[in-house]
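K.L.:
Assemble the complex: chain H is given as a structure, and chain W must be docked to it using the hints.
Chains H and W, in that order, are what the protein sequence lines are. The first sequence runs 1 to 886 under our numbering. The second sequence runs 1 to 186 under our numbering.
Keep in mind the hints are simulated off the structure, nothing from the lab. These numbers were taken from a predicted model, which means no experiment stands behind them. It is possible that part of the hints are untrue.
Stated by the list, open to error - 30 Å max Cα-Cα, derived DSSO-like pairs, lysine-lysine: (1) H:Lys366 / W:Lys57; (2) W:Lys57 / H:Lys76; (3) H:Lys475 / H:Lys419; (4) H:Lys419 / W:Lys32; (5) H:Lys847 / H:Lys624; (6) H:Lys94 / W:Lys27; (7) W:Lys32 / W:Lys54; (8) H:Lys64 / W:Lys54; (9) H:Lys25 / W:Lys57; (10) W:Lys49 / H:Lys176; (11) H:Lys419 / W:Lys49; (12) H:Lys781 / H:Lys741; (13) W:Lys57 / H:Lys94; (14) H:Lys553 / H:Lys781; (15) H:Lys94 / H:Lys214.
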Amino acid sequence: MAEPLVKKDDDRDDEDYSPFLGIEKGAVLQEARVFNDPQLDARRCSQVITKLLYLLNQGETFTKVEATEVFFAVTKLFQSKDTGLRRMVYLMIKELSPSADEVIIVTSSLMKDMNSKTDMYRANAIRVLCRITDGTLLTQIERYLKQAIVDKNPVVASAALVSGIHLLQTNPEIVKRWSNEVQEAVQSRAALVQFHALALLHQIRQNDRLAVSKLVTSLTRGSVRSPLAQCLLIRYTSQVIRESSMNMQTGDRPFFDFLEACLRHKAEMVIFEAARAITELSGVTSRELTPAITVLQLFLSSSKPVLRFAAVRTLNKVAMTHPLAVTNCNIDMESLISDQNRSIATLAITTLLKTGNESSVDRLMKQITNFMSDIADEFKIVVVEAIRSLCLKFPLKYRSLMNFLSSILREEGGFDYKKAIVDSIVILIRDIPEAKESGLFHLCEFIEDCEFTYLSTQILHFLGNEGPKTSDPSKYIRYIYNRVILENATVRASAVSTLAKFGAFVDSLKPRIFVLLRRCLYDSDDEVRDRATLYLNMIGGDGLVGETDKDVKEFLFGSLDVPLVNLETSLRNYESSEEPFDISTVPKEVKSQPHAEKKAPGKKPTGLGAPTTGPTSAVDSYEKLLLSIPEFAGFGELFKSSAPVELTEAETEYAVNVVKHIYDGHVVFQYNCTNTIPEQLLENVTVFVDASEAEEFSEVASKPLRTLPYDSPGQSFVAFEKPEGVPAVGKFSNLLKFIVKEVDPATGEADEEGVEDEYQLEDLEVVAADYMLKVGVSNFKNAWDNMGADCERVDEYGLGVRESLAEAVSAAINILGMQTCEGTDVVPSNARSHTCLLSGVFIGNVKVLARISFGIDGPKQVAMKLAVRSEDQAVSDAIHEIVANG
Amino acid sequence: MGHEYKDYSKESCPSVKNILLLDSEGKRVAVKYFSDDWPTHSAKLAFEKSVFAKTLKTNARSEVEITMFDGYVVVYKFVHDLHFFVTAGDDENELILASVLQGFCDAVGLLLRNDVEKRTALENLDLILLCIDEIVDGGIILETDANTIAGKVAANAVDGAVPFSEQTITQALATAREHLARSLLK
Numbered sequence: 001m002a003e004p005l006v007k008k009d010d011d012r013d014d015e016d017y018s019p020f021l022g023i024e025k026g027a028v029l030q031e032a033r034v035f036n037d038p039q040l041d042a043r044r045c046s047q048v049i050t051k052l053l054y055l056l057n058q059g060e061t062f063t064k065v066e067a068t069e070v071f072f073a074v075t076k077l078f079q080s081k082d083t084g085l086r087r088m089v090y091l092m093i094k095e096l097s098p099s100a101d102e103v104i105i106v107t108s109s110l111m112k113d114m115n116s117k118t119d120m121y122r123a124n125a126i127r128v129l130c131r132i133t134d135g136t137l138l139t140q141i142e143r144y145l146k147q148a149i150v151d152k153n154p155v156v157a158s159a160a161l162v163s164g165i166h167l168l169q170t171n172p173e174i175v176k177r178w179s180n181e182v183q184e185a186v187q188s189r190a191a192l193v194q195f196h197a198l199a200l201l202h203q204i205r206q207n208d209r210l211a212v213s214k215l216v217t218s219l220t221r222g223s224v225r226s227p228l229a230q231c232l233l234i235r236y237t238s239q240v241i242r243e244s245s246m247n248m249q250t251g252d253r254p255f256f257d258f259l260e261a262c263l264r265h266k267a268e269m270v271i272f273e274a275a276r277a278i279t280e281l282s283g284v285t286s287r288e289l290t291p292a293i294t295v296l297q298l299f300l301s302s303s304k305p306v307l308r309f310a311a312v313r314t315l316n317k318v319a320m321t322h323p324l325a326v327t328n329c330n331i332d333m334e335s336l337i338s339d340q341n342r343s344i345a346t347l348a349i350t351t352l353l354k355t356g357n358e359s360s361v362d363r364l365m366k367q368i369t370n371f372m373s374d375i376a377d378e379f380k381i382v383v384v385e386a387i388r389s390l391c392l393k394f395p396l397k398y399r400s401l402m403n404f405l406s407s408i409l410r411e412e413g414g415f416d417y418k419k420a421i422v423d424s425i426v427i428l429i430r431d432i433p434e435a436k437e438s439g440l441f442h443l444c445e446f447i448e449d450c451e452f453t454y455l456s457t458q459i460l461h462f463l464g465n466e467g468p469k470t471s472d473p474s475k476y477i478r479y480i481y482n483r484v485i486l487e488n489a490t491v492r493a494s495a496v497s498t499l500a501k502f503g504a505f506v507d508s509l510k511p512r513i514f515v516l517l518r519r520c521l522y523d524s525d526d527e528v529r530d531r532a533t534l535y536l537n538m539i540g541g542d543g544l545v546g547e548t549d550k551d552v553k554e555f556l557f558g559s560l561d562v563p564l565v566n567l568e569t570s571l572r573n574y575e576s577s578e579e580p581f582d583i584s585t586v587p588k589e590v591k592s593q594p595h596a597e598k599k600a601p602g603k604k605p606t607g608l609g610a611p612t613t614g615p616t617s618a619v620d621s622y623e624k625l626l627l628s629i630p631e632f633a634g635f636g637e638l639f640k641s642s643a644p645v646e647l648t649e650a651e652t653e654y655a656v657n658v659v660k661h662i663y664d665g666h667v668v669f670q671y672n673c674t675n676t677i678p679e680q681l682l683e684n685v686t687v688f689v690d691a692s693e694a695e696e697f698s699e700v701a702s703k704p705l706r707t708l709p710y711d712s713p714g715q716s717f718v719a720f721e722k723p724e725g726v727p728a729v730g731k732f733s734n735l736l737k738f739i740v741k742e743v744d745p746a747t748g749e750a751d752e753e754g755v756e757d758e759y760q761l762e763d764l765e766v767v768a769a770d771y772m773l774k775v776g777v778s779n780f781k782n783a784w785d786n787m788g789a790d791c792e793r794v795d796e797y798g799l800g801v802r803e804s805l806a807e808a809v810s811a812a813i814n815i816l817g818m819q820t821c822e823g824t825d826v827v828p829s830n831a832r833s834h835t836c837l838l839s840g841v842f843i844g845n846v847k848v849l850a851r852i853s854f855g856i857d858g859p860k861q862v863a864m865k866l867a868v869r870s871e872d873q874a875v876s877d878a879i880h881e882i883v884a885n886g
Numbered sequence: 001m002g003h004e005y006k007d008y009s010k011e012s013c014p015s016v017k018n019i020l021l022l023d024s025e026g027k028r029v030a031v032k033y034f035s036d037d038w039p040t041h042s043a044k045l046a047f048e049k050s051v052f053a054k055t056l057k058t059n060a061r062s063e064v065e066i067t068m069f070d071g072y073v074v075v076y077k078f079v080h081d082l083h084f085f086v087t088a089g090d091d092e093n094e095l096i097l098a099s100v101l102q103g104f105c106d107a108v109g110l111l112l113r114n115d116v117e118k119r120t121a122l123e124n125l126d127l128i129l130l131c132i133d134e135i136v137d138g139g140i141i142l143e144t145d146a147n148t149i150a151g152k153v154a155a156n157a158v159d160g161a162v163p164f165s166e167q168t169i170t171q172a173l174a175t176a177r178e179h180l181a182r183s184l185l186k
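With the rest of the complex left out, here is chain H:
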């Protein structure tokens, strides 16, 4: 705009001068009245719109009424022929995101512009209309959009194509009809039209693998002009490669030649996209990697920071899987340690740490020490993690690396950084026995001056576990007792527990620890006093809980064998009475939990923030419910309740799901019914179960639901007897029977007379997994060795052709219904074999462990070897039975 919005002659010296100085919403809204003038002043109107946009941009909001008023006023401006003003009108309408009924007001104006002779009008009107429109209007303008896609003017074509990409999210069926036009646009000579057309065409076809493959085949042969379109093509090609298998005879990868040719493209973005794609190929060979690494190495010494960053970031990733392939770049990488851009320097350092060899460790550490002082905490954490893995790789170098960690631990830093260092030291202590004493000592020093309660308590806990096992436990006592004197209540309480551990496990220290614990009896905090009292009484000799010393230690310091959440729910449900709370009634089953760690692949929950706990279980509430029904009271202890299984489609008249409750000699089906029809009241609701395909089951009781009003769920039950302790399976068909009464919606009163009716539900199966509780073990190898091979059974099975190894593994886990241990449910993408560790409790409370080794060959034939150990040979056999029949 040529003319400033406010006079500026005398404000020249003012640094803070702004044309919007002192701007105020109310005043601008007043000014917007000029939009209604019969003689429109285009320039003035433009200025007012700019002011409105400025306000919105600064975060000012308009009320609903204000927005509507502005919108209607702005629509008047379509009368003006001024192109600049029209452009501002478009922008304003997009910012206001009008409601459906407001959209109608501008639709005809915008449609007129869409067919205007001015290309700029057409392109912008398309973008605005598609942005604000809904599905119904879209069918009216579809014809114009199709024409626009193949328009001669690249701006118009791009506007229609980009709008198509957005509309595909909301109206896929309409946009899919434009395939022919989009395909034509892919051949456009205009670079960006080609890019937008290719993006849209791929999105239209993305669920059709064959079509995508064809698209890639034809385009990789032809000439794609635009670098952006070429980048897209590289992405689609990688996708096709990912989904097709390698040619087994020649070991050739389809389309690899295309990717390699792109490394010689003239646009840097294409070269980089191709190099990155090659490094990310699953199971990439070093022969395939070499050309990609070579171009990335050239980028490392570029004068452009963006290029250096992109290259070093990619090489950093490659170093995780193929460290040797990156070593050639080490010299270029070392010069990047002093890069002005700290992100680049950090990536270079961590890459070097991953690829470095034993002899270069000391030199690297020297360079890093200088570098650490001037980078941000988040970069420091990355470096700490890299040093940790380096140390695990070269345990002999632990001394210099541990010294480095302890020196940075003493320096300033935030919680996350300190935690990363402490975690690393803890891991080194665990994995490198020689590092233990010095590591513990560094941690002791650290808690002397640690401002983070969380870290102090975690370290104290760790000291309590590891300290007593060292050669001279007494030297830690001073550090721990100092915490009792100097710290807040939380830290004091955990210091008391740590002291008690030393007392319990080191006999020679016991008398001295007792003196210290007795002093804690006068602490100002009750938790600290309680702990001291408990420990003094328990370890002091006349124990109440266990007879032997071992029992006492197990009681005080042993791990809880129930998930904490389950304990919490049980305690909540416990009503104080004569009966004391019994921990053995707490269910041990770990409810399956969503993968919280998925976000950080490859990051194992190591260090102090050890295992996670599952979410609350519904088992307790089921148990209560079932106990309240006299018919089921004699069934004994509830072994397991399944997750609800839907027996109706979503949004049907009656919604029914079922929970399978498993007892030793019985099964109870709990049908949860919901009536979704306001005009109906159901009475005497029963489920008629046909168990003819479940021979071992016979119905013993059925508990109908007396009434089922609208939208107020109720339960009906059916109980079956089955052979005791046997994992009987079968299929049940279900028919919902009831009396339906009409309800007057006005009064809510039901008719006297009802009609009998029935409703077919889906079938239900009781499967072997229903007899298995998911119970994890913390250390599978120990558990496996302790179980012994007495009741072991090993067998091999062929699984036929499977989609992938991962699919076969998850199928086997599902059939057995056991808990996967140590993250072995995750199969690396290019693995040819995989071992899965499972644990569970089988009906009859028999602990079961299973180790399954899978292998996959070229034509995707999967074989598995299943080794089962349990406390009972019959159970081991039963597990094999499940697999053999599954």
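P.N.:
Leaving out everything else, chain W in the frame of chain H:
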């Protein structure tokens, strides 16, 4: 495999999460967000504050600079008292982002006739907003060539007579020729 597929399709088209133009104190001159990652005004301001603080001490005057934090890649460039930023997810091709940023900076330079500073930018805020509108539409890159962008914006200027670089004129001629061809073909 099903859901995995969908994820890749999302990544497959390069996308921009925001374009920011801040002043030398981190205050907004013009911003545009194309993502729900920052749902509220205060979330947006917090992001701008942290991106400004993290890049403030760097020298991004001669070359486009880059940083990565909180799962985003940000490319940026400073001209006088103006700080230009383009943000994307951390999986995005850095060089594509740099081309968007370069297009933005250079187009602003053309539109402000090389007088790239806060005061001029605010005086011509309409041009800046139109410029952003011509670069990215709903996160998808529309155009990265500075001359084309500036040409499209300038064609809309109120007086319609703002002269631009020679290239723009050639382009204007090219479009004119295409107009002619179109009407002849009809």
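K.L.:
Would the pair lysine 64 (chain H) and lysine 54 (chain W) pass a check requiring their Cα atoms to be no farther apart than 30 Å?
P.N.:
Violated: lysine 64 (chain H) and lysine 54 (chain W) sit about 37 Å apart, past 30 Å.
K.L.:
Take the C-alpha atoms of lysine 366 (chain H) and lysine 57 (chain W), compute the straight-line distance between them, and say whether it is at most 30 Å.
P.N.:
Between lysine 366 (chain H) and lysine 57 (chain W) the Cα gap is close to 26 Å, so the pair holds against 30 Å.
K.L.:
Quick one, are lysine 25 (chain H) and lysine 57 (chain W) close enough, alpha carbons at most 30 Å?
P.N.:
violated (35 Å)
K.L.:
For the pair supplied as a hint, lysine 57 (chain W) and lysine 94 (chain H), is the alpha-carbon distance within the 30 Å limit?
P.N.:
violated (36 Å)
K.L.:
Check whether the Cα positions of lysine 94 (chain H) and lysine 27 (chain W) lie no farther apart than 30 Å.
P.N.:
Holds, at about 24 Å.
K.L.:
Decide if the proposed pair is consistent with the structure: lysine 32 (chain W) and lysine 54 (chain W), CA atoms, cutoff 30 Å inclusive.
P.N.:
holds (20 Å)
K.L.:
Is lysine 419 (chain H) within 30 Å of lysine 49 (chain W), Cα to Cα?
P.N.:
holds (26 Å)
K.L.:
Lysine 419 (chain H) and lysine 32 (chain W): Cα distance at most 30 Å?
P.N.:
violated (37 Å)
K.L.:
Keeping to a limit of 30 Å between CA atoms, is the pair of lysine 475 (chain H) and lysine 419 (chain H) held or broken?
P.N.:
Since the Cα atoms of lysine 475 (chain H) and lysine 419 (chain H) sit roughly 24 Å apart, the hinted pair holds (cutoff 30 Å).
K.L.:
Could you grab the alpha-carbon distance between lysine 57 (chain W) and lysine 76 (chain H) and see if it respects the 30 Å cut-off?
P.N.:
Violated: lysine 57 (chain W) and lysine 76 (chain H) sit about 48 Å apart, past 30 Å.
K.L.:
Need the status of pair lysine 847 (chain H), lysine 624 (chain H): alpha-carbon distance at most 30 Å?
P.N.:
Measuring from Cα to Cα gives roughly 25 Å; hence the hint holds.
K.L.:
Verify the proposed pairing of lysine 781 (chain H) with lysine 741 (chain H), using a straight-line Cα cut of 30 Å.
P.N.:
Between lysine 781 (chain H) and lysine 741 (chain H) the Cα gap is close to 61 Å, so the pair fails against 30 Å, i.e. violated.
In this structure, the earlier hints numbered 2, 4, 8, 9, 10, 12, 13, 15 are contradicted, and the remaining ones agree with it.
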